[in-house]
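K.L.:
Let's have the full structure, built from the sequences with the hints guiding it.
Protein sequences, first through last, are from chains A and B.
31 is the number that my numbering gives to position 31 of the first sequence; each next residue is one higher, with no gaps.
364 is the number that my numbering gives to position 364 of the second sequence; each next residue is one higher, with no gaps.
Source of the hints: derived by calculation from the structure; they are not laboratory data.
Treat the hints with caution; some may be incorrect.
[Said to hold, decoys possible] Taking beta-carbon pairs under 8 Å as the criterion, some of the chain A residues facing chain B (in silico):
1) L9
2) W11
3) F24
4) W27
Idealized CB from N, CA, C, for every residue including glycine.
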Amino acid sequence: MRPRLILFLVWCLLVLGGASYASFYAWSPYSDERRPARTGFYGPTHK
Amino acid sequence: MSAVRTIACPNCGGSLEVRAAGFSVNLACRYCGSILDVSRPEVALIEAHDRAAAGFDLPLGRRGVLNGTEWDVVGALRRSDSTYTWDEYLLFNPYVGYRWLVLSEGEWQFGTMLLDCPTGDVYGGSVVWGGLNFTYEEEPEPERTVTLEVLGEFYWRVRQGDEVFALVFERGEQVLSREEGAGEANWTLLVPIDSAAVAAAFAPDTQARPRPRRRAAPAEPAPAKRQFGDLSSMFLLAFAAMIALLLAMVLISGPVDRASGSIDAPFGVTREGVKIGTIAVRRPWQFVSITARARDFDNRWIDLDYSLVDRATGQSIDGYGLVEHYSGTDSDGAWSEGQRRAVTQLGRVPRGTYDLYVDAAAHGWPSDPPVVQGSWSLPETIPVSIEAETGALPWGNWWTASLLLLLFPCIATWRRFREAMP
Chain A
1 MRPRLILFLV
11 WCLLVLGGAS
21 YASFYAWSPY
31 SDERRPARTG
41 FYGPTHK
Chain B
1 MSAVRTIACP
11 NCGGSLEVRA
21 AGFSVNLACR
31 YCGSILDVSR
41 PEVALIEAHD
51 RAAAGFDLPL
61 GRRGVLNGTE
71 WDVVGALRRS
81 DSTYTWDEYL
91 LFNPYVGYRW
101 LVLSEGEWQF
111 GTMLLDCPTG
121 DVYGGSVVWG
131 GLNFTYEEEP
141 EPERTVTLEV
151 LGEFYWRVRQ
161 GDEVFALVFE
171 RGEQVLSREE
181 GAGEANWTLL
191 VPIDSAAVAA
201 AFAPDTQARP
211 RPRRRAAPAE
221 PAPAKRQFGD
231 LSSMFLLAFA
241 AMIALLLAMV
251 LISGPVDRAS
261 GSIDAPFGVT
271 REGVKIGTIA
281 VRRPWQFVSI
291 TARARDFDNR
301 WIDLDYSLVD
311 RATGQSIDGY
321 GLVEHYSGTD
331 SDGAWSEGQR
341 RAVTQLGRVP
351 RGTYDLYVDA
361 AAHGWPSDPP
371 VVQGSWSLPE
381 TIPVSIEAET
391 GALPWGNWWT
401 ASLLLLLFPC
411 IATWRRFREA
421 MP
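P.N.:
Here it is as structure tokens:
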């Protein structure tokens, strides 16, 4: 197995572990606890 | 050019010329194929044969100008590995030194021996020479290469049956060939050369015979396996990791508990503290998603503030949602924007029982609808149904992880195609 493939395997395990850890602690950078920055302006952004 | 020394073959008596006298140490007799030591004044027989190598396209002693330099063809080798056979011609110029002409499947390459070693991990599949990166197409496994035929003179002791182990690194049309044998490794840079230029310089005796290709050449598209090498393994690994992560997230995120209700969002004022229902978080930490849906409204938006209040502690976890939909017509025709559905995801909700309270306020665009003073009718509202659910999947996390997993093989693919570009 090429070192590059081994390196990628390690990367996959890191990503897998990190994402599983985040899921276990129910953490996500996309949670909506805060109001979005758009607050203050409403209406369509069409044109 | 150099002084030519004439000798007699000790085996067959044939008259031979040493064209690179003083440089050559080995000579294969053109008549009987015997290997002679020509490094000393007295010629010594190293290995006797009774059959000369034949079938080479460039005759020994042929002189021609290639790349602006006059060369003598002083030696020829036929070599093969487990799959392919090709010819190599040794060119000599006393002021420039030695070069190689390689003929493989009718195409020629001009080879220059490197005086410096490329850097990098040879078995890692990539080396750097002259600031340029050369890569191996697949698993770098040295290929056993055998010398089948020897003809002419050489600057090292070569004979039939000699073995080396070869690795070929590529960068577009350029090839770096590494051959290791007898405790040393030699590197050669091979670049394609027009067969017309070779024909004009040396006038080969016969047309190049088609032979299986060994070394990289520009015209032939590489088979898919060679083209992608370990990239397919990387993509497979990435997709397997994506599926495994999805399964892990499904297992970790549960169990699911739901509560649903509705609230009428009034215009101009905020309706506060409407209890939607109760949900239980049964794991140490869970995501809670809250989905708001409203129907049959247009050019309106609804502000929603959520509070998940822990029954045990009274503490609340707050979130925010916005349901909006707009439409109209302009010079480009009809348009619409927004959704009548909004999903809010709350993370890091600890174990406990929670009541969900919602504040809602509706607004019109470009302005709120007028409130009729003194009217007995109720103010206009927009009904919004709310559903809260524990155990939601954090899809944003999954997509981000998938992007990180696919980034590596995508960059490697892009680099491979970029290097393969002429």
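K.L.:
Each of the hints needs a verdict: does it hold here or not?
P.N.:
Do the hints match the structure? See the list:
1. L9: With Cβ-Cβ at 6 Å, under 8 Å, it holds.
2. W11: Interface hint status for W11 (chain A): holds (6 Å vs cutoff 8 Å).
3. F24: holds (5 Å)
4. W27: With a minimum Cβ separation of about 6 Å from chain B (threshold 8 Å), the hint on W27 (chain A) holds.
Hint check: no violations occur; every hint is consistent with the structure.
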